[in-house]
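Protein chains in written order, with the UniProt record's numbering: chain A, 1 to 355; chain B, 1 to 355.
Treat the hints with care, since some could be wrong.
Identical copies go unnamed one by one, so any copy, or any two together, can satisfy a pair.
Within a straight-line C-alpha distance of at most 27 Å, the following computed DSS-like cross-link-like pairs (lysine-lysine) qualify [claimed, not checked]:
id	residue 1	residue 2
1	Lys29	Lys273
2	Lys158	Lys14
3	Lys29	Lys179
4	Lys29	Lys14
It should be emphasised that the hints constitute simulated quantities derived from the structure, not laboratory data.
There are 2 protein chains.
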Amino acid sequence: MNFVPFVKTRTRGKVNVSSVTLAHGGGGKAMKDLIDDVFLTAFGEHACEPLEDQARFDLAVFAAHGDRLAFTTDSFVVDPLFFPGGDIGKLAVCGTVNDLAVGGAVPMYLSCAVIIEEGVQIDLLRQVALSMARTASQAGVQIVTGDTKVVPRGACDKIFITTTGVGAIPASLALGVDKARAGDAVLVNGLLGDHGAAILCARGDMALETPIASDCACLHELIGAILAAAPGTRFIRDATRGGVATVLNEIADGSGVSIEIEEGMTPIREEVKAFCEVLGLDPLYLANEGKIVVIVPPDQAEAALAAMRRDPLGLDAARIGRITSDQDSRVMMRTSFGGHRMVDMLVGEQLPRIC
Amino acid sequence: MNFVPFVKTRTRGKVNVSSVTLAHGGGGKAMKDLIDDVFLTAFGEHACEPLEDQARFDLAVFAAHGDRLAFTTDSFVVDPLFFPGGDIGKLAVCGTVNDLAVGGAVPMYLSCAVIIEEGVQIDLLRQVALSMARTASQAGVQIVTGDTKVVPRGACDKIFITTTGVGAIPASLALGVDKARAGDAVLVNGLLGDHGAAILCARGDMALETPIASDCACLHELIGAILAAAPGTRFIRDATRGGVATVLNEIADGSGVSIEIEEGMTPIREEVKAFCEVLGLDPLYLANEGKIVVIVPPDQAEAALAAMRRDPLGLDAARIGRITSDQDSRVMMRTSFGGHRMVDMLVGEQLPRIC
Chain A
1 MNFVPFVKTR TRGKVNVSSV TLAHGGGGKA MKDLIDDVFL TAFGEHACEP
51 LEDQARFDLA VFAAHGDRLA FTTDSFVVDP LFFPGGDIGK LAVCGTVNDL
101 AVGGAVPMYL SCAVIIEEGV QIDLLRQVAL SMARTASQAG VQIVTGDTKV
151 VPRGACDKIF ITTTGVGAIP ASLALGVDKA RAGDAVLVNG LLGDHGAAIL
201 CARGDMALET PIASDCACLH ELIGAILAAA PGTRFIRDAT RGGVATVLNE
251 IADGSGVSIE IEEGMTPIRE EVKAFCEVLG LDPLYLANEG KIVVIVPPDQ
301 AEAALAAMRR DPLGLDAARI GRITSDQDSR VMMRTSFGGH RMVDMLVGEQ
351 LPRIC
Chain B
1 MNFVPFVKTR TRGKVNVSSV TLAHGGGGKA MKDLIDDVFL TAFGEHACEP
51 LEDQARFDLA VFAAHGDRLA FTTDSFVVDP LFFPGGDIGK LAVCGTVNDL
101 AVGGAVPMYL SCAVIIEEGV QIDLLRQVAL SMARTASQAG VQIVTGDTKV
151 VPRGACDKIF ITTTGVGAIP ASLALGVDKA RAGDAVLVNG LLGDHGAAIL
201 CARGDMALET PIASDCACLH ELIGAILAAA PGTRFIRDAT RGGVATVLNE
251 IADGSGVSIE IEEGMTPIRE EVKAFCEVLG LDPLYLANEG KIVVIVPPDQ
301 AEAALAAMRR DPLGLDAARI GRITSDQDSR VMMRTSFGGH RMVDMLVGEQ
351 LPRIC
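Full structure from sequences and hints, please.
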């Protein structure tokens, strides 16, 4: 069910109850009212044809930005739904915008499928929809089609959102996880681990004096600036689930290279460090929702760093290491004490439901 | 997370436990193993670039089929997961293929985001993935990117799947819910209500001697045949949640027309009729997952019907009514007794979680 039915020919429906019932998932009038009142009101009437079950775009719209289509999807099941620095709606938009942007794509259109638990307050749903709309608007993307399902009380945990994004990749770009080479610099755009720490705190398991805020943000403009300043950029990936350690291992595997990072160069907030020490966590494995790992040739590293630091989302950008060799697929960290330790792929679970 | 990472450079991961744990959603090695072993094994290595978080396609691939991109999404939360005639995996592929096809698009690529409850058996997940793969392969579409999330026991009901599809719309086509005109014929491709009845039966609420099978099927070839035989076709929609009654009301609203259908012409299986009588349900509101409503100009109705009947998915195709006037936006049924009754939009809930 497209989010844009009935815009032109009908009066918009209104939800006249305070919480979601199974009728809101039944396909009839109650469902149209929910879509009209909550989602259409938030998302507005968009570029695609109204009254249809699918959004439609001239291929020329994409061709204006590039020669390839990028296509990516992500489900968001974060608990709690609202946390310092963001909420599930903001996360669902930023996450998919970033998954498009890290491949060099211009993020353009999103779909949004929401699974709602019976009994969820309509006002809560409205807040989430408005947060999605605000985030999309700031990012310059449109939410153009969607779906709502309602499941009985206990069959899901309040709200799950799946966003899927399409965008266009400029003809000149060829980023790839297989493109890192010995000598390349490893950069990040700022302080690591804030999102994972924020979610754990927000769950109320800890009582911190100053709560840590999630870094949840759309990074496509920052990425655009990096690619303009450092056109030789090899690869960019957002360090979400599994953290920076996981991304570095993916690059080591994908390019068949070894990577060395320096503990002393890795930007981590003092509160997050302290928090990790108390819980026995490694901040390198904490999720981020506004941080990317960037691999650039050594002679473009300063230009990329400077471009990042000109963006509010890259003020604490840092060079954290380099590709040391074209073999072995190993990630090492030089510790502050001068020793070395392996930074392996996360084996078990570190933090569930952080995105 | 794309379903195609690590294909080229790593040995495929293996899941060595029998049920899903939270670690399988953590972003680390356990998650890669799950994706490798269950999803990649089922879906295979596809056209898109390996090792990336997004699928990428030359725009030319779409341009070869049309001048517009179609984009649609749907979540599937059906209970039970397996039922006569299908399962959640088949449903998730057919549903999105059909949402593309009803707009005239050639279905091409799907994304697949799976939310899994901790404790779900790996074998069950494997069955669902294989069913998706088989259905996609039969339909000629590729599942090219995806995401997996794991939520704690009790936070979702086993498995939810969100599929999003992209396809190309041929330049000549301009179907629209606003295009029905007085005199047009209203066609369906076969027996109505099977899916809704099948799900209710499969839930074990009834003990029928012969269980009713879902009509779940991909309809793009049938739709292609209709459009070739009846190029003047105004509009096609699949009659899923809310049934044929809801689709007819959407057309009445969208085109501002009145529709009359004939009870005696509406093809419904005897078992479904009996089932509905016992439960006090109206089969016109029962969900279908392999049935479409087709609006065609009167002089192309026979050609469209003949085209449908040549397809195994349209053997019981029927003309069920016509557009009676260009005003009033009302749907009426002429009953078998010669009277008339309103066929309104479903107001409350008829059947939850049928798709």
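A quick look at each hint next to the structure:
Within a single copy, lysine 29 and lysine 273 get their C-alpha atoms only as close as 52 Å, which misses the 27 Å cut-off; across copies the closest is 24 Å, which meets it. For a Cα distance limit of 27 Å, the shortest separation of lysine 158 from lysine 14 inside one copy, 21 Å, qualifies, whereas the shortest one across copies, 32 Å, does not. For the homomeric pair lysine 29 and lysine 179, the shortest alpha-carbon distance between copies (22 Å) is at most 27 Å, but the shortest distance inside one copy (52 Å) is not. In the homo-oligomer, the alpha carbons of lysine 29 and lysine 14 lie at most 27 Å apart inside one protomer (10 Å), although the nearest pairing across protomers, at 47 Å, exceeds that limit.
This entry satisfies every hint, going by the numbered hints stated previously.
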